[in-house]
Amino acid sequence: METEMTELSRRVLINGSAPSPTIDTPVRAAPRTVLHSRSFRQLMSAKRRVVVPLLGVSLAYTFAVALLSGFAPGLMAIKVDGAFTLGYLLVLAIYGMCWVVSVAYVLVANRTFEAQAAHVSNEIDGDAR
Amino acid sequence: MKLLTVAIFLVILAVTLMITWWAARKTHTTSEFYAAGGSLSARENGFALAGDWMSAAAFLGFSGLVSLYGMDGSLYAVAALAAFLVVLMVVAEPVRNAGRFTFGDVIAERMKRPSARLAATIGTIVVNIAYMVPQMSGAGALIKLMLGVPYDVAVIMVGVGMLVYVLFGGMIATTWVQIVKAVLLLVAAIVLVSMLLAAVHFDPLALFASVEKLYGAKMLAPGGYFKNPLDTLSLFVSFIFGVAGLPHVMTRFYTVPDSKTARKSVLWLMFLAGSFFMVTTLIGFASAIFVGQDVIRAADKGGNLALPLLAQYLGGGAGSLGGQIFLASICAIAFAAILAVVAGLTLASSGAIAHDLYVNVIRGGAVDEAEQVRVARIATLLVGVAAVALGLLAQGINVGVLVILAISVAASANFPIIVLSIFWRRFNTAGVIGGMTAGLVSSVALAFAGPAFMHEHALFPIVNPAVASMPIGFFGAWLCTMLSRGSATHDDDFDAFFVRAQTGLAPERLQAPTTHRNT
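Chains A and B, in that order, give the protein sequences.
Quick note on my numbering: the first sequence kicks off at 1 and runs consecutively.
Quick note on my numbering: the second sequence kicks off at 1 and runs consecutively.
One thing to keep in mind: the hints can contain errors.
When the alpha-carbon atoms are kept at most 27 Å apart in a straight line, the in silico DSS-like pairs for lysine-lysine are as follows [said to hold, decoys possible]: (1) B:227 to B:301; (2) B:218 to A:79; (3) A:79 to B:227; (4) B:227 to B:26; (5) B:144 to A:47; (6) B:213 to B:227; (7) A:79 to B:301; (8) B:260 to A:47; (9) B:2 to B:301.
Sample of chain A residues facing chain B (criterion: CB under 8 Å; computed from the structure) [unchecked claim]: (10) 53; (11) 58; (12) 66; (13) 80; (14) 83; (15) 85; (16) 87; (17) 88; (18) 110; (19) 120; (20) 122.
To be clear, the hints were calculated from the coordinates, so they are not data collected in a lab.
These figures come from a predicted structure and were not determined experimentally.
Even for Gly, the Cβ is constructed at its ideal location relative to N, Cα and C.
Full structure from sequences and hints, please.
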């Protein structure tokens with residue numbers, strides 16, 4: 001039981017993005033209130049604005065390469081530079097895209113999403129006071 | 001040669017056992033056993049994640065496929081990397097925010113029903129076993145080849161090794177064994193690639209030109225390995241959605257303190273495993289050029305020994321001291337890779353059996369901490385023994401179909417239920433069970449009816465069934481949801497889950513639903 005309590009308070013400290021007034025009696029909010037709060041809706045719309053285009057474009061491109069490989073192998077065999085083919089150029093571009101997209105996502109998420117999640121947490125505290 | 005290989009084996013084994021001894025002293029609670037106490041840094045978890053993903057099957061398999069079939073092998077490798085975009089942007093954060101140790105935790109947190117957790121547990125166990133058996137049998141074949149010890153002895157050696165890591169050192173030992181292996185593998189790759197590039201005067205395009213000259217333009221275009229036009233698409237579907245449904249990958253996100261660190265660890269994986277997967281194309285081409293496809297095929301029909309043979313060639317050739325050192329090092333690293341990967345799979349499976357099945361489904365969560373750790377270790381032992389037994393049974397059987405099965409079940413059963421649990425309000429326990437059943441049954445049926453198992457008599461033309469079985473899994477989840485009604489607290493449960501999964505708010509900050517929690 002005791003270990004469970006320490007585990008609980010550890011998770012409060014770690015997961016709660018903003019310090020609660022007191023660890024023992026954290027301010028509680030009804031999930032539905034949070035769900036409809038301004039700060040939570042802002043967080044979700046920020047996530048949608050980032051994830052939908054980033055993931056949408058990169059998956060569309062990746063699956064396009066898969067479809068071209070299956071249905072247009074001749075197109076993929078076109079020479080670009082010496083023996084280097086269009087197919088390999090497109091595959092190389094998937095690597096580049098994975099790197100660019102993941103760096104972009106992590107930069108935005110670790111700044112914006114974290115700040116907005118902290119906002120949600122602060123708003124719970126603010127409402128209670 | 002054998003002595004040298006044994007010596008390198010022993011050094012790696014000694015290092016990993018020291019790590020285990022050190023980790024064992026830090027492993028007391030369930031959280032430490034399953035999730036390293038959530039204390040890993042982004043770099044540590046990133047290396048371990050990359051290590052998990054650069055399995056022996058991946059680095060021997062991808063370079064081998066490229067050496068024999070050209071571009072289709074390169075497509076395999078890039079699909080395996082692109083998969084982590086979905087992991088990063090869709091599942092990593094909600095999974096770590098809503099769960100504690102397992103995939104089942106997330107489903108149970110959402111559905112509040114033991115039967116939903118049970119469905120996730122079954123998905124976890126099937127995927128992990130299908131993943132583990134080929135690794136065990138690969139290890140057996142590899143060690144037999146290198147040390148001349150019988151297959152059975154080799155499989156038991158692997159089993160004992162991984163059991164020692166997991167039983168005593170839990171997630172901390174498993175992670176550090178994985179990190180050591182990832183570093184060794186990356187160093188080996190840097191040495192190999194520098195040497196093969198030096199051989200062509202640092203002009204990678206010269207490799208493409210030589211391959212074309214020796215084996216024809218077909219090596220540089222798709223279609224060498226895959227015969228059906230839908231094969232490539234289906235491969236991409238399996239990997240890109242399947243990785244997001246791999247329980248041992250999800251478990252890695254519980255080992256870090258917060259979502260920031262979780263995201264950064266995926267970034268490490270992207271660059272470490274990404275660079276590695278990228279150079280498997282160069283390694284594959286170089287082995288086709290320098291070693292030759294006939295020699296590669298003679299050593300192993302599937303091309304899995306292309307990379308070790310290239311290492312031997314670059315070290316100075318068979319019989320030379322350099323060649324022996326290179327070959328022995330690569331084989332020892334492959335062995336370490338298998339040990340590390342099966343350790344991770346064993347840990348994730350023991351979490352499913354001890355934490356999900358025993359503690360939560362059978363005992364309803366009423367198990368104290370000390371007993372939980374004991375049960376976790378007993379489950380680990382059971383999983384280890386089962387893995388060894390299945391590994392022994394798999395001797396001489398083509399286990400290739402199991403590799404396909406693992407990733408297909410992950411994409412068709414685990415992925416639909418995790419993604420719908422996270423985002424779909426209406427989704428309920430019946431949907432979880434329906435999705436799991438539909439995805440699992442269709443993957444197994446289509447994988448065994450496909451070319452990987454039935455060869456030329458295949459009833460289903462595509463190697464990876466996910467292009468068909470994933471929609472079936474989603475359909476099953478949708479249908480069973482629509483045909484049933486959610487519980488009285490369904491909406492409240494979803495609200496609480498969704499807020500937690502998206503913000504990482506501690507559960508103590510949200511008011512509990514009015515009814516009791518029985519997960």
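Index of numbered hints that the structure contradicts, given in increasing order: 4, 5, 7, 10, 13, 20
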